[in-house]
Structure formats: C-alpha cells, structure tokens
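Novice: Chains as they are written, first to last, in the numbering used here: chain A, 1 to 375; chain B, 1 to 151; chain C, 1 to 352.
Rather than coming from a laboratory, the hints here were simulated on the basis of the structure. Honestly, I wouldn't trust all of these hints.
Computed list of lysine to aspartate or glutamate pairs in EDC-like fashion (alpha-carbon distance at most 16 Å, straight line) [stated by the list, open to error]:
1) C/K168 x A/E16
2) C/K168 x A/E41
3) A/K37 x A/E349
4) B/K33 x B/E65
Please read these numbers as outputs of a predicted model, since none were measured by experiment.
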Amino acid sequence: MPVQAPFELEKLSNKEYILNMGPQHPSTHGVLRVVLKLEGELVKDVFPDVGYIHSGVEKLCENRTYPAIVPYLDRLDYLGAVNLEWAYVLAVEKLCGIQVPERAEYIRVILAELNRIMSHLLWYSAFGMDVGALTPIFYAFREREEIIALMEAATGGRLTHNALRIGGFRSDLPKDFLPGLGRFLSSFERKVDEYEALLIDNVILKARTKGVGALDPELAVSYGVTGPSLRGSGPAWDLRRTAPYSVYGKLDFRVPTSEGRDTWSRLKVRMDEMRESAKILRQAAGALPSGEVSAKTPRVLKPAPGEAYSRVESPRGEFGAWVVSDGSERPYRVKFRSPSFSNLSVLREIAVGCNIADIIAIMGSLDLVIPEIDR
Amino acid sequence: MNTSDILDDINKVPGASGAVGPDSVLDVLAPAKEVPGILTALKKSGFGHLSFVTAKDLPSENLIELVYRLFSYVSRIDASVRTRLDRGNPSAPSVSGIFRTAEWHERETAEMFGVEFSGHPCPGKLLLPDGVEAPLRKDFKHEKMTPLPVV
Amino acid sequence: MLHLLEALLYNPGVPLAGLAAKARALWAARGLPSPVLDLVFQLAIAATVSGFITVNALFIIWFDRKISALMQLRKGPNRVGPFGLLQTLADTLKLLSKEDINPLRIDPLAFWLAPLLVFIPSFAVFLVIPFGNGLIAGDLNIGILYILAISGLSVIGILSAGWGSNNKYSLIGGLRSAAQMVSYEVPMMLAILPVVMLTGSMRMGAIVDAQAGYGWFAFMQPVAFVIFLIAGNAEVNRAPFDLPEAESELVAGFNTEYSAMKFSIFFLAEYTNLFLTSAIAASLFLGGWEGPLLPPVVWFFLKTYFVITLLCWARWTFPRIRVDQLMQFSWKYLLPIALLNLLVSAAAMKLL
Chain A
1 MPVQAPFELE KLSNKEYILN MGPQHPSTHG VLRVVLKLEG ELVKDVFPDV
51 GYIHSGVEKL CENRTYPAIV PYLDRLDYLG AVNLEWAYVL AVEKLCGIQV
101 PERAEYIRVI LAELNRIMSH LLWYSAFGMD VGALTPIFYA FREREEIIAL
151 MEAATGGRLT HNALRIGGFR SDLPKDFLPG LGRFLSSFER KVDEYEALLI
201 DNVILKARTK GVGALDPELA VSYGVTGPSL RGSGPAWDLR RTAPYSVYGK
251 LDFRVPTSEG RDTWSRLKVR MDEMRESAKI LRQAAGALPS GEVSAKTPRV
301 LKPAPGEAYS RVESPRGEFG AWVVSDGSER PYRVKFRSPS FSNLSVLREI
351 AVGCNIADII AIMGSLDLVI PEIDR
Chain B
1 MNTSDILDDI NKVPGASGAV GPDSVLDVLA PAKEVPGILT ALKKSGFGHL
51 SFVTAKDLPS ENLIELVYRL FSYVSRIDAS VRTRLDRGNP SAPSVSGIFR
101 TAEWHERETA EMFGVEFSGH PCPGKLLLPD GVEAPLRKDF KHEKMTPLPV
151 V
Chain C
1 MLHLLEALLY NPGVPLAGLA AKARALWAAR GLPSPVLDLV FQLAIAATVS
51 GFITVNALFI IWFDRKISAL MQLRKGPNRV GPFGLLQTLA DTLKLLSKED
101 INPLRIDPLA FWLAPLLVFI PSFAVFLVIP FGNGLIAGDL NIGILYILAI
151 SGLSVIGILS AGWGSNNKYS LIGGLRSAAQ MVSYEVPMML AILPVVMLTG
201 SMRMGAIVDA QAGYGWFAFM QPVAFVIFLI AGNAEVNRAP FDLPEAESEL
251 VAGFNTEYSA MKFSIFFLAE YTNLFLTSAI AASLFLGGWE GPLLPPVVWF
301 FLKTYFVITL LCWARWTFPR IRVDQLMQFS WKYLLPIALL NLLVSAAAMK
351 LL
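Given the sequences, and given the hints that come with them, work out the whole structure.
Specialist: Shown next, in the form of structure tokens:
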C-alpha cells in the first residue's frame with residue numbers, strides 16, 4: 001500500500017527530482033507504483049511500491065474447501081493460470097496421497113504448455129507496446145486467439161480456465177482438440193521466427209536493450225529470481241528439468257538460456273521458450289495415452305494433517321503453493337510463492353544508472369504480473 | 001555434500017534437530033537465534049535458492065512457527081527450516097544478509113503476523129494498507145469480516 | 001471551354017494571373033487604392049490555404065489510420081461516412097465538445113499560447129509549398145531558408161507546453177522535444193544544401209523547375225534524400241522519434257494536460273507537419289508537380305502521399321528510439337554523413 005518512498009526530500013541535490021510512475025500508468029503492467037529519483041533522464045534510485053491490489057487471498061483460502069480454492073489460483077496470474085492451479089493441486093494431491101492417471105498428466109502438460117505460449121505471446125505484445133512498436137500485438141494476438149479457442153473448448157474459460165481438479169480433470173478433452181492443436185502447431189514455429197525478426201532482432205530494439213539492465217547471476221539467485229529472467233543471465237534452472245513434476249521427465253526439450261545477462265537476452269530466452277513449448281506440445285499430444293482422466297477422490301476432501309509444498313515452472317518462474325492441513329476440509333494455512341514477487345525485488349539493483357526509457361524496457365523484460373505480487 | 005553430512009552438521013547445533021521428512025524434504029527445527037547460522041551452512045552446501053519465508057499461526061500452542069523453504073538446484077533436495085517463536089512477542093533475526101530475497105518475504109511475514117525481524121535493512125509495510133495489523137493471525141478481527149456459511 | 005479547363009488544370013498560373021490583372025484594372029478604374037485589393041487577394045489565398053489544411057488534415061488522419069490498420073491486420077475506420085472518411089470529422093466534433101480542463105497552478109500564458117505557437121509555424125510554411133504549376137501562395141526568393149527558419153519556431157511551442165503544464169512528465173517531454181528538434185535541424189539543412197547548390201536558387205519554384213532539366217534530385221542525391229526523410233521525421237516528432245509524446249513512458253508527454261480544443265490543435269499540427277515534410281520532400285527530391293499526362297496538382301499530391309505512406313510505414317513498424325541514442329544518431333552519424341555528402345556533391349559539381 002502507498003508508503004512514503006525512502007528518498008528524503010531535503011537530501012535531494014539541486015539537479016535531482018522525484019518522478020512517480022503511479023499506480024495508473026500505461027506501462028507498469030498492472031497496479032504498480034514505481035518511484036524514481038531522477039537527475040535529468042538518469043535514474044538514481046528506484047523504489048517499487050506494491051500492495052495496491054492486495055486482496056488477502058491467503059486468508060480467504062483458509063475459509064474455503066480444498067476444491068473451491070482452485071479458481072483463486074487462476075486469478076493470481078491470469079496469464080499462466082493452468083500452471084498455478086497445477087502447483088496447488090499437486091500440493092493437495094501430495095497431502096492426500098492421490099495418484100493421478102497418466103492421461104490426466106499428459107493433458108495437464110498440454111494445457112500448461114499452451115498456457116505458457118499464451119503468456120509469452122502476451123508478454124511479447126505488451127513489451128512491444130512499451131517500447132513503442134504498436135504493431136506486434138496484432139500479430140501475436142492472432143496466434144493467441146487460436147490458442148484461446150482451444151483452451152476454451154477444453155476448459156470452458158478463455159482467460160481464467162479453472163481447468164484442473166484435485167485428482168485429474170472433470171471431463172476429457174473434446175474430440176476436435178487434438179486436430180486443432182495440430183493445425184496450430186503446424187504454422188506456429190514459423191510465426192515465432194517472424195515475430196522474432198519483427199521485434200527482437202530489430203536494430204532499434206537491440207540498441208535499446210543490449211547492455212541495459214545487466215543482472216549478475218549470483219545476485220539474481222540471491223534475490224530469488226527464477227524463470228526466464230534468471231535464465232537470461234546464465235543459470236539453466238528450470239524446474240521442469242531439475243525437479244521434474246508430472247511427466248516432464250519423459251519429454252525431450254532444451255532449457256533455453258543466454259549468457260548475455262542484459263534485457264535483450266531475457267527477451268531472446270522467452271522467444272526460445274515458445275519454440276520449446278511447441279516441441280513439448282507435439283510430444284505430449286503424440287504420446288497421449290488413453291484411460292481415465294481423474295482419480296477417485298472422496299466427495300469431501302479431508303487430507304491427513306501435515307504440510308506440502310510443490311513448485312512448478314510458471315511462465316514467470318517458480319510458483320509454489322504451500323498447503324498446511326489440520327485434517328479438516330479447509331486448509332489451515334495456504335501460502336503462494338509467486339515468481340513476480342522476487343523478480344520485482346531485484347529491480348532496484350539493475351535499474352540504477354539507466355534512463356527512464358530503460359526502466360520501462362527492464363520492467364517489461366522481467367515480465368511482471370501484479371496480482372501475483374500483491375495476492 | 002550429501003544429506004547425512006548436512007544432517008550431522010545441523011544436529012550439532014544446540015537446540016536444532018534435523019531429519020528427512022516425508023516426500024524427502026530435509027526438515028530442520030531450530031531455535032530462532034541459530035537460524036542464520038543454519039541457513040549460511042545450508043547455503044554453503046549448495047542450497048542456493050530460498051523459495052520463501054513465511055509463518056504459521058498456532059494459537060493453541062501459543063506459538064508462531066516461521067518457515068524458511070530452501071532448494072538446491074545442484075543436489076535437487078528440498079529443505080525446510082522451521083523455528084518457533086513466542087506468540088506474544090515474536091522476534092527473529094533477519095536473514096536478508098544471507099539471501100537478499102528474504103528482504104521482501106520478511107517484510108510481508110512481519111506485517112501479516114506481527115513478527116519482528118531484527119537487523120532488517122528496510123522494515124516497513126509492503127502489501128497492507130494502514131489500519132490493518134497482523135491479519136493472518138487466527139484471532140484477527142475486522143468489522144468487515146463476515147464468516148462464510150459452512151456448506 | 002475545353003481550352004479553359006485545360007489551362008486551369010495544367011497551367012493554372014496563367015488564367016489566374018489573367019483574372020487578377022482584370023480585377024486590378026477594374027479596381028483601378030474605380031479609383032480605389034490598389035494595396036487594398038492586394039490585401040483582399042492575400043486574404044483569399046490565406047482562406048483557401050486554411051480550408052485546404054483543414055480538409056487535408058481530415059484526410060491525412062484517415063489515411064494514417066487506414067495504413068496502420070492495413071499493417072495490423074485490421075480494417076480501420078469504416079463506419080462513419082463512405083470508407084470511414086468522415087471519421088476524423090466525427091472525432092474533431094467530439095474533441096470540440098469536451099471539457100477544456102485547466103489544471104491547477106499552470107502558467108496560463110505558456111499553457112494557452114503553446115498550441116498556437118506549435119500550429120502557427122506549420123500554417124506559415126504553406127506559403128512556399130508549390131502545389132502545382134504557378135500555384136504557390138508566395139514564391140519567395142528565400143523559400144528554403146524561410147521553411148527552415150519558421151519551422152524551427154515550433155520548438156518554443158512545445159517547450160512552453162511542457163513548462164506551462166505544471167507536470168513533470170510534460171516537462172520531460174518538452175525538454176526531450178527541444179533537444180530532438182534542435183539536433184535534427186542541422187542534418188536536415190545539410191541535406192537540403194546540395195539541392196540548393198544544384199539549383200542555384202532557394203526559390204521553391206526554381207527547384208521544381210530545375211528537376212525537369214536534371215531529373216529528380218532523389219536519384220542525383222540519394223543520400224540527401226534519405227537523410228532528409230529521417231531528419232524530417234524527427235523534426236515532426238513522429239515515431240520512431242516520437243519521444244516527446246512517448247505514450248508508454250510519459251503517458252502523453254508534453255500534451256498530457258491538454259484536453260478538448262487545445263489537444264485537437266496539437267493533433268492537427270502534428271499531421272499538418274507530416275504533410276509539410278512530405279510535401280517538401282516531394283518538391284525537393286521527387287520532382288514536385290512535374291509529371292506526364294496528369295495535371296500537376298494531381299502529381300504533387302501523388303508524390304506527397306507516397307512520402308506520407310513511407311513515413312507512416314516507418315511509424316507503425318519500428319519501436320521508439322531512446323533519447324540519448326537519438327542524439328548520438330543525429331550528431332555522430334547523420335551529421336558527418338550529410339557533411340560528407342555535401343563535400344562530395346560540391347566536388348562533383350566543380351569537376352563535372
């Protein structure tokens with residue numbers, strides 16, 4: 001919530017001034033306030049102020065039954081919704097000891113990777129608009145619309161899917177889902193190449209983002225940065241590879257990294273991730289076994305007392321759900337560890353010493369979604 | 001460094017006890033003042049990633065239990081370090097010198113549970129508006145809170 | 001009758017001059033002072049030009065939106081009027097009906113004068129634009145110099161908009177714009193100089209006539225053409241050089257606090273400037289109103305709109321350039337290249 005930025009006004013030199021990129025701003029990707037201490041166009045200090053849309057979802061969940069919490073996860077990060085639901089559902093399944101059938105696992109992978117592509121396409125569009133390229137959004141949203149149509153057929157929702165259930169799925173994929181997926185994948189990689197050539201390989205964008213916002217990998221790890229923001233600095237930490245959950249262990253894909261450390265390498269990593277997701281989708285769709293899509297779960301879910309934490313690789317990084325159960329049908333404590341929370345905390349370290357325009361580019365490259373910061 | 005070496009080192013620390021819990025999570029329970037030392041040791045043995053710092057309110061035992069969740073991308077082991085604080089005056093040393101990510105996590109835990117982290121570089125509210133104190137405690141009351149009907 | 005039509009279309013200077021001479025004779029016969037008649041003529045020309053500017057702005061905004069829609073897989077305005085042509089009219093009426101907000105603690109003089117200071121120079125440059133054979137409002141001997149001098153004045157307008165708004169975002173936008181416009185004046189001047197040297201005169205009419213003999217200057221001076229397009233783009237604050245009103249960084253830059261009529265004047269000025277840059281580029285480099293078959297006026301507009309299409313294309317494709325890179329580009333790249341071009345052209349002219 002609004003706090004006074006720790007820049008003492010009396011201590012400002014003659015040339016410095018404070019600029020408030022307030023909660024309402026075209027480029028802060030949500031309700032985020034960033035207070036800048038500037039000298040001309042040079043940024044001397046950055047103070048991110050979060051909490052404008054804190055809704056107390058962790059407290060809310062203590063008063064909801066386990067299955068009823070799944071839609072809340074959608075709203076935390078509406079772009080990577082399926083991945084977030086997966087983290088929570090995995091944690092509860094660990095507590096209850098439920099074994100999900102293999103077909104459900106593969107469908108989860110398909111939906112989650114489609115969600116990842118959706119999220120990255122929207123990030124691409126929003127980033128383009130932030131830096132002044134007003135055209136890529138229309139191209140990327142073309143692909144996004146195709147994916148949304150698929151997700152809507154499978155789950156019933158275009159943005160907040162409410163796809164996963166504890167134990168599997170409520171119903172199987174519709175009959176025309178896999179052919180539609182095949183049609184989408186047949187042209188997708190070419191489109192990614194096109195989008196990369198349009199924006200990411202553009203001379204002006206490279207001049208604006210190369211060398212800007214360099215993030216040292218050790219600093220990033222210390223700040224808890226995960227996901228493409230971390231992989232753009234070098235470490236190939238991807239939970240789908242290092243701590244594979246579900247059937248990711250059986251799928252063959254690369255973890256894109258970049259040694260560049262700057263904003264541009266983070267952009268490149270996300271474009272490569274879209275290609276890898278397309279690869280995973282092909283494999284998962286090809287290897288989809290037949291069978292049940294849901295395990296037998298009791299009507300009223302009462303896990304044994306204990307706690308479980310499961311983490312998934314959401315499009316932004318490590319999302320984790322820590323569920324503490326006391327044996328009743330409502331959880332005792334739920335904690336959501338969101339990647340944007342830690343990714344934003346590193347902004348101060350990397351943004352000092354650049355221009356106002358660079359702040360926008362850096363925040364865009366960190367790919368923040370504010371509701372999951374504020375919860 | 002494998003799990004048994006780490007456990008040996010931890011069990012040497014006074015008041016601390018470590019064991020491999022269910023789901024192969026390295027579970028450590030330690031007094032508050034030993035936590036920075038244990039975390040530094042764990043960081044040296046490869047647990048470079050602190051996922052979160054949070055707390056759990058146990059009014060029946062008059063305790064607030066702090067939880068630090070670590071992960072080693074090298075040895076792929078999860079570790080959970082817990083410490084119990086007195087509910088009336090919960091105070092713990094800050095670990096933001098060891099893991100910079102703890103700065104924001106500790107700020108959030110402090111305002112949600114009323115825990116005081118000594119040595120924190122920039123304490124202050126993070127998410128909550130003015131006028132709301134320690135909402136995640138079980139005895140938190142606000143005039144706008146209405147209980148949900150039990151289905 | 002057909003003769004008259006042909007004369008009007010292809011050589012309007014002649015019948016118009018004939019008409020003016022007849023009017024002068026009648027006037028003098030009545031014993032009335034001739035300066036009054038000159039004034040009436042000038043007012044008539046000014047009224048024509050103003051009418052043209054307004055209608056042209058309506059069209060050019062529609063044109064920009066249709067091009068952007070074409071490149072963005074959309075349709076653009078297509079509801080209001082045939083093909084959406086009256087969309088701008090509807091938008092203008094809407095803007096006029098909005099509340100004119102005056103923020104607290106503005107500097108009233110700076111705030112209220114700024115739109116005028118930005119628009120009047122654009123309006124004034126129309127004096128020397130050669131629309132067709134003999135269709136120049138005032139064919140000054142110092143045509144080019146006049147253009148460069150007057151268009152430099154709009155910097156004051158933007159600066160006063162930025163300062164008078166009592167808003168840090170506007171101030172940053174205004175200062176960026178001042179830096180940008182001043183930086184890009186010099187390469188623009190240096191790009192125009194070879195053309196002036198080749199023609200031997202700064203008169204716009206002479207430059208257009210010279211291209212009939214030499215061929216289009218765009219082929220003789222390709223480097224200068226490209227530099228002029230880039231510098232001209234920067235002068236009129238259009239993407240990729242639209243930092244002063246960088247929408248995603250500064251909300252709306254120097255026109256954040258403007259609403260209703262004042263904002264519409266800024267808007268109008270931006271598109272008028274776009275037309276002017278393209279018209280000057282077409283006249284200086286693409287042969288102006290020269291061309292076979294079609295009436296000169298039509299050629300002029302075809303060439304101008306060709307350049308406008310190029311500039312709109314650039315706007316909707318490229319991201320925005322950063323302010324320090326903008327200055328570097330101008331001073332470290334454009335200026336030396338323009339100077340080199342000037343030297344090489346001068347040497348070539350001397351030797352050949």
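Novice: Now look at each hint and say whether the structure bears it out.
Specialist: Status of the hints after comparison with the structure:
no., hint, result
1, C/K168 x A/E16, "12 Å, holds"
2, C/K168 x A/E41, "12 Å, holds"
3, A/K37 x A/E349, "14 Å, holds"
4, B/K33 x B/E65, "14 Å, holds"
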